[in-house]
Amino acid sequence: MKLTQAQSGSILKPPSWRTALHDNPWWLAAQMFLHSQLAMIGFIGLSLLILSAIFAPLLAPYPPTQLDYDHPLEAPSSAHWMGTDDLGRDIFSRVLYGGRESLKVGLIGVTIAVIGGVCLGMLAGFYGGWLDNLIMRIVDIMLAFPYILLLLSIVAVLGPGLGTVMIALGLAGIPFYTRLIRGSVLAAKNFEYVTAARVVGVSPFAIMFRHILPNIIAPVIVYATLDLGGSIMATSGLSYIGLGAQPPSPEWGAMLNAGRKFIMQAGWMSIYPGLMIFFAILFVNLIGDGLRDAFDPKLRR
Amino acid sequence: MLKYTLRRLLMMIPVLLGVTFLSFAIAKVTPGDPARLTLGTKASAEAIQQFRAANHLDDPFLVQYGRFLWNALHGDLGTSFRSRTPVMDDILERFPSTLQLTLAGMALAVGIGIPLGIIAATTRSKWVNAVTMLFALTGLSLPSFWLGILLIIVFGVKLHWIPVMGGNDPRYLILPAFAVSFASAGVLARLTRSSILEVMQDDYVRTARAKGLSDRFVVLRHVLPNALIPVITVLGMEFAFMLGGAVFIENVFARSGLGRFAVQSISVRDFPQVQGMVVFTALVYALINLIVDISYGFLDPRIRYD
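Going down the list, the sequences are from chains E and H. Under numbering that gives the first Met the number 0, the residue at position 106 of the first sequence is numbered 105, and the numbers go up by one with no gaps. Under numbering that gives the first Met the number 0, the residue at position 88 of the second sequence is numbered 87, and the numbers go up by one with no gaps.
Just so you know, these hints were derived from the structure itself, not from any lab. Quick reminder that beta carbons are idealized off the backbone N, C-alpha and C, glycines included. A few of these clues could be false.
Cβ-Cβ distance ranges computed for the label pairs, FRET-style [unchecked claim]:
#, chain 1, residue 1, chain 2, residue 2, range
1, E, 203, H, 58, 38 to 46 Å
2, H, 72, E, 23, 37 to 45 Å
3, H, 114, E, 218, 29 to 37 Å
Please model the entire structure based on the sequences and the hints provided.
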């Protein structure tokens with residue numbers, strides 16, 4: 000509880016802004032994060048991937064769905080850096096555009112899960128009683144479901160597609176965050192700063208989201224980052240088995256699916272999109288590990 | 000111990016009830032009339048009526064759920080829309096292949112991960128440690144299905160050392176098992192390493208050393224039994240994870256197991272099959288958890304007295 004120490008200290012003697020900053024846990028975490036080489040590699044790598052996806056129209060030498068029947072299944076060359084697929088489409092261009100789909104779906108999926116989990120976990124932990132019981136029993140049942148099967152069941156109900164995958168990732172992720180948040184709220188709601196806020200008449204909603212949330216969000220950020228890697232993997236995996244992005248989408252997993260039939264004669268169709276998935280997840284995991292070390296007080300100093 | 004086992008068995012009941020209820024409800028809210036899906040679009044209205052009556056499709060929801068549960072308890076998970084075969088038969092036919100894959104994957108993950116973790120923790124060599132951590136990080140970031148594809152390209156197209164797909168003898172299991180186990184091997188290596196490093200700092204290890212026992216003896220007899228307890232729990236989780244991973248790997252290597260079956264039944268929206276799969280797999284998961292908990296109780300007697 001660095002924050003409360005800083006606050007109680009400030010009653011005795013007003014600190015300079017510099018010491019105040021050095022007592023701020025977020026500042027310490029940011030310092031720690033910036034000094035980790037691996038985390039920085041992940042951060043720069045992921046930034047490059049995101050930028051190349053955003054600026055794909057400027058960077059890609061060909062339109063991602065432009066067919067060229069004169070040059071199908073061509074090996075990588077100076078004209079086509081990563082070769083062409085069975086329809087003569089440029090793989091490098093498709094891989095750049097594909098990042099838009101894979102990264103976006105993973106990110107939105109995790110966001111849905113975090114928002115849903117934070118709200119439910121907050122309600123369950125803060126109010127307790129029957130509401131807590133109801134929410135946590137549903138969470139227990141959802142956690143008893145094998146994660147991949149839960150994903151598949153939701154896709155089965157809503158029908159294959161990237162939008163479905165987004166929703167499925169979000170729904171399937173909610174129980175994890177709910178449990179994480181509820182535990183932290185149970186611990187946090189008895190702290191003095193919550194009691195103080197109650198005494199001066201702050202509304203329950205404001206206590207939950209303005210007072211408690213900033214104090215318990217750190218582990219959620221770490222977990223969500225590591226989860227993002229898993230979500231990108233699940234998105235491309237589901238597309239690979241034909242339940243996610245559908246042709247002619249250049250989503251990385253869907254490109255791998257298209258490459259299956261030509262694995263013997265055109266390995267590049269399978270190698271490059273997979274390499275992108277691997278790097279995206281690797282960078283995200285490096286960032287996640289860096290954040291975990293930065294937020295974990297046991298490892299600090 | 001018996002009491003503990005019984006209590007754990009009883010705890011499975013509400014979980015399984017919840018899972019069956021949820022999967023049954025999911026199948027019910029999904030658009031599409033089972034009678035239409037089974038009989039096809041050309042079926043007459045009478046035929047549809049007859050089918051609905053014969054399958055009790057017009058009963059109240061809870062009555063239908065009760066019947067589903069009763070039948071499931073007797074090993075009947077319903078009949079497929081398309082093939083009209085009993086779902087239970089379809090599942091039991093494919094489960095051995097998936098179980099084989101998962102067990103082979105477990106053997107590889109344990110055989111690679113745990114020794115690597117032990118070596119990394121005990122040698123304190125910077126080089127071994129770096130390799131272990133890199134291995135764990137790569138394992139977590141490498142999609143198993145892409146690893147499978149790479150293995151097919153390397154061994155099937157270039158090297159031809161190991162058969163890639165099609166046959167039934169154990170050699171065909173090597174590549175899929177490796178692909179499905181890679182991530183778990185990394186996780187186990189990292190966990191074993193950190194768990195051993197933690198236990199090594201305990202007082203009883205220092206005492207054992209002070210008595211003059213050899214390093215090897217201390218590690219094998221004092222450190223490992225304690226350090227491996229958390230590894231056992233994760234072993235159960237990894238087993239479940241690999242069962243799920245079969246969904247992807249079986250597609251890569253064209254193995255006809257449960258995972259591929261699940262994907263196929265979802266693609267054609269055969270709900271009795273999907274539902275049966277969910278219930279069956281949830282039962283398997285619950286059993287894995289049970290086995291882990293019980294073995295945990297054996298390994299660490301303190302847990303039983305909670």
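Each hint tested on the structure:
1. E:203 x H:58: 38 to 46 Å: Hint holds: Cβ distance 44 Å, inside 38 to 46 Å.
2. H:72 x E:23: 37 to 45 Å: violated (58 Å)
3. H:114 x E:218: 29 to 37 Å: The hinted range 29 to 37 Å holds for residue 114 of chain H and residue 218 of chain E, with Cβ atoms some 32 Å apart.
Checked against the numbered hints given earlier, this structure breaks only hint 2.
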